[in-house]
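Peer 1: The lines below spell out each chain.
2 protein chains.
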Amino acid sequence: MDRSAEFRRWKAQCLSKADLSRKGSVDEDVVELVQLLNGREQFFTTSSCAGRIILLDRGINGSEVQKQNCCWLLVTHKPCVKDDVIVALKKANGDAILKFEPLVLHVQCRQLQDAQILHSVAIDSGFRNSGITVGKRGKTMLAVRSTHGLEVPLTHKGKLMVTEEYINFLIKIANQKMEENKKRIERFYNCLQHALEKETISMTSYPKEKIKEKNNSSYTHKKKRNPEKACGKYITEENNKELENDDHDDPGISVTIFPEDY
Amino acid sequence: MDRSAEFRRWKAQCLSKADLSRKGSVDEDVVELVQLLNGREQFFTTSSCAGRIILLDRGINGSEVQKQNCCWLLVTHKPCVKDDVIVALKKANGDAILKFEPLVLHVQCRQLQDAQILHSVAIDSGFRNSGITVGKRGKTMLAVRSTHGLEVPLTHKGKLMVTEEYINFLIKIANQKMEENKKRIERFYNCLQHALEKETISMTSYPKEKIKEKNNSSYTHKKKRNPEKACGKYITEENNKELENDDHDDPGISVTIFPEDY
Chain A
-5 MDRSAEFRRW KAQCLSKADL SRKGSVDEDV VELVQLLNGR EQFFTTSSCA GRIILLDRGI
55 NGSEVQKQNC CWLLVTHKPC VKDDVIVALK KANGDAILKF EPLVLHVQCR QLQDAQILHS
115 VAIDSGFRNS GITVGKRGKT MLAVRSTHGL EVPLTHKGKL MVTEEYINFL IKIANQKMEE
175 NKKRIERFYN CLQHALEKET ISMTSYPKEK IKEKNNSSYT HKKKRNPEKA CGKYITEENN
235 KELENDDHDD PGISVTIFPE DY
Chain B
-5 MDRSAEFRRW KAQCLSKADL SRKGSVDEDV VELVQLLNGR EQFFTTSSCA GRIILLDRGI
55 NGSEVQKQNC CWLLVTHKPC VKDDVIVALK KANGDAILKF EPLVLHVQCR QLQDAQILHS
115 VAIDSGFRNS GITVGKRGKT MLAVRSTHGL EVPLTHKGKL MVTEEYINFL IKIANQKMEE
175 NKKRIERFYN CLQHALEKET ISMTSYPKEK IKEKNNSSYT HKKKRNPEKA CGKYITEENN
235 KELENDDHDD PGISVTIFPE DY
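The listed protein sequences derive, respectively, from chains A and B. Position one of the first sequence corresponds to residue -5 (this note's numbering), numbered consecutively onward. Position one of the second sequence corresponds to residue -5 (this note's numbering), numbered consecutively onward.
Hints in this document: simulated from the structure, not taken from any laboratory. Please note that the accuracy of each hint is not assured.
Copies of the same chain look alike in the list, so a pair counts if it works inside one copy or between any two.
PhoX-like cross-link-like pairs, simulated, lysine-lysine; straight-line CA separation at most 20 Å [to be verified]: (1) 192 with 130; (2) 151 with 166; (3) 153 with 166; (4) 166 with 93.
With the sequences and hints as input, model every part of the structure.
Peer 2: So, in structure tokens, the structure goes:
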């Protein structure tokens, strides 16, 4: 079976299976994005989480980062209110941690070039920790990840270590991050649509050149990434500034600069 | 110029340049790993940070995530003590945040197969958010990233929002994460050495088969990832448990399962 046929078979199998998540369905905020991807022959999604605020309780006997003794006190994919967190915290008897986890999306791609396009769109939309995985038999996957997190210990052995005022302050920050994450998902959707349209036009107008380009494993995008230019109408100046911050590659990191167009 | 010659030229250029980081040198905890990678013809590192605890102050006028108004009150690549944080916090006049950032390493790879091997080693060593980037002209880079973070807001408009007791508690957690990060770096070093030795043996014993395999873009590793088996002597049971936790892919995510050996 050729690669394309094999990919189609896997896609059909994967999408026909039951959703095995605890929730049993795709999160509301990524439904459109998931549908856009699954509607294209070169992609299918294998897992997704739109982003969430969670309160975890880690058992006092277990290791600090041990999953077995970990209990979920609260999970929400919407902005949350202080009272819900306060009520949930009363159930903690170990080390409770409040986390904001941004979008995580795994997309299987027909070939490396498809993953490159999607990766480029993800980075331009603010999901800077995205990356490609290529399996031993060539299975190509893009993981879409943001750096936009929050992880705050709140109780120790069941004892609350912070004030209600602090929890209120923290929830505002978590909700802001949730809001920003939602904007990035919208930006991702719009940029992706734009990139796919552009690709379709190229394929129709210059099919031979496109095929030659594909064989060279080269996907042309701008030399200098500029999210505003990449899908201008969807990016505000404020968002653009925020994007710049999500970078561990600041002057604190040992770094050697090399030209971008290599 | 063929790809290999081009890669060698870039590697030589990159490694001969000055270290442009604020610190001006490679962090102590990754020196050996960086040397191991740069000593192999198929890799060179372009940036690295061993892991650090930082205290950032974000300006009150700026956006919460705006870099321009961001000031570093404290940076340490070693475990830190409460008093240093308390002293540094006194200088905060905006929204100060304590962060633990684990290892970040960018490695340029000669070809995709080299990135696949390195990616596999990174994942098996606990750096689960690692991923490959392939540029438009085929430049192949592996970003090594962990999920093992901490991000805690401490002041608002210069006002301390938590107690000294909480700061003490927090620093213990940050230092534990620093320690675990160091173990993972050691594990990465050992696993990498093991993988490279294995590769060299294969290349010497069965050069023809290896070349054929390489042309098929297939790199053989275990069906089921098991860090303990992957580089057994370096992994303790405790570490192994911790690895399992670093996963956003829990039942909370909408997910469809598909065989691993595709």
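Peer 1: Does each hint hold? Answer for all of them.
Peer 2: Outcome of the hint check:
1. Taking identical chains as interchangeable, the C-alpha atoms of residue 192 and residue 130 lie at most 20 Å apart only when they sit on different chains, with a minimum of 16 Å there against 31 Å within one chain.
2. For the identical chains of this complex, residue 151 and residue 166 are inter-copy neighbours only, at 14 Å across copies versus 25 Å inside a copy, given an alpha-carbon limit of 20 Å.
3. Taking the closest pair of Cα atoms, residue 153 and residue 166 come within 20 Å of each other only across two copies (16 Å); inside a single copy the shortest separation is 22 Å, beyond that limit.
4. Proximity of residue 166 and residue 93 under a CA criterion of 20 Å is satisfied in both settings, with 13 Å inside one chain copy and 18 Å between copies.
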